[in-house]
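Both chains are given apart, each in its own frame, so use the hints to dock them into the complex.
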Amino acid sequence: QKEVEQNSGPLSVPEGAIASLNCTYSDRGSQSFFWYRQYSGKSPELIMFIYSNGDKEDGRFTAQLNKASQYVSLLIRDSQPSDSATYLCAVMTHADGLTFGKGTHLIIQP
Amino acid sequence: NAGVTQTPKFQVLKTGQSMTLQCAQDMNHNSMYWYRQDPGMGLRLIYYSASEGTTDKGEVPNGYNVSRLNKREFSLRLESAAPSQTSVYFCASRGQPGETQYFGPGTRLLVL
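If you read the sequences in order, they're chains R and H. If you read the first sequence in my numbering, its first letter stands for residue 1064, the second for the next number, and so on. If you read the second sequence in my numbering, its first letter stands for residue 18, the second for the next number, and so on.
Since the hints were made in silico from the structure, they are not lab data. One thing to keep in mind: the hints can contain errors.
[As the list claims (entries may be wrong)] To spell it out: a stretch of chain R is covered by chain H in this simulated footprint if at least three of its residues, at any positions, have a beta carbon under 8 Å from a beta carbon of chain H; those stretches are:
id, stretch
1, 1074-1084
2, 1088-1100
3, 1161-1173
[As the list claims (entries may be wrong)] Computed list of chain H residues with no C-beta within reach of chain R, every gap over 12 Å:
id, residue
4, Gln28
5, Asn45
6, Tyr81
7, Glu90
8, Pro100
Just so it is clear, the structure is predicted and the values come from calculations on it, not from any experiment. For each residue, glycine too, the CB sits at the ideal point set by N, CA and C.
Pulled out of the complex, with its shape left as it was, chain H reads as follows (with noise of 0.2 Å):
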């Protein structure tokens, strides 16, 4: 049981490049999330899937895209990377309301 997986765990981008942040969870969970973290902004929510099928914007959506292509893996886009891009990204799963999340490695992105 890995729980939480995410890939890559590091990746510098230039400017304008494009790339896929892949999440996946072995625990059956039907809630998926993304978050980014900033020194001095903490953690904040950038797009959630509550069900396989769905996804929603959270606090800070611009410049991403995401899909859940199924029910483990749901996947963060950037189409054009941008500096202020540059940022720590956690995939979270959750399984029934309530509970709590539980946040894979997370993954480092620079862009330059």
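Looking at chain R on its own, in the form it has when it is part of the complex (with noise of 0.2 Å):
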């Protein structure tokens, strides 16, 4: 059985500050890991996606991943009130899917 864990949270943040949302993954097949950002009543849209071990950034986000450890995160730098939704981590093995967290829902304070 394939099993991602998240903190459901809700995790509060002041805005300005840094959100750090974790995840950890129990098939050490993985070889694919998505961060989804959902607001209420939305789909899914994809904010991060990383394959290699270390750090990737995009604009305010970081995804880190440490396969050994296995375990993924996700920074937010410089929170707005914007960035307040709940946030998906999902792991891709093969062809078979996303196995999805149950999600963490993160609040920016203003």
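What follows is the structure, given as structure tokens:
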């Protein structure tokens, strides 16, 4: 059984601070890792993807992957109220779709 | 380029009724997926189709059937709806292995 674990939150972060979202996964064969953002009542939208160990930066977002520890994280710098959403960690192995965590609800406080 | 489209947006069914959820993508993607999302349960894979002509069960396939009509379209059928199938259903598609999936806007289904 492939599992992806996230703290459900809510995680409350002051505006302008760094939000840190964490995810662990059980399947060591996992190869691709994704972070999606989902606003209430909307579909998931891709924020970041990462395949290799280390950091990957895209604007205010940084994804971090540590395959040895089976750990993925997402950092959001200079957090804005518009970043308030649920963040879904997803892991892909082969062709059988994504396994999602239950999501972390992030609240950016103005 | 509409991406992934789903119909209907919202549906109310009575227990025992049947219905088909439609999904289409215009990105020439090979793989298509159906997920359901329930509060506290996250997104769970129902069925997927790795390529035209193939379908496979995901994590929660019971009570559902699928058809990959052609490369563009992937439908999900509930033969005899149950209240436990009340959920939000998302269709997704993907190009090459390892690439991300793109999601449709979702169908909200209420089974009374």
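Against the structure, the hints come out as follows:
1. 1074-1084: Our answer is that it is violated, as 0 residues pass the Cβ test (under 8 Å) against chain H, missing three.
2. 1088-1100: holds (count 3)
3. 1161-1173: With 6 residues in contact (Cβ-Cβ under 8 Å with chain H), the coverage given for the stretch 1161-1173 of chain R holds.
4. Gln28: holds, 16 Å
5. Asn45: holds, 17 Å
6. Tyr81: holds, 14 Å
7. Glu90: It holds; Glu90/H is separated from chain R by about 18 Å at its closest Cβ, greater than 12 Å.
8. Pro100: holds, 21 Å
The structure fails to meet hint 1 from the earlier list, while all remaining hints are met.
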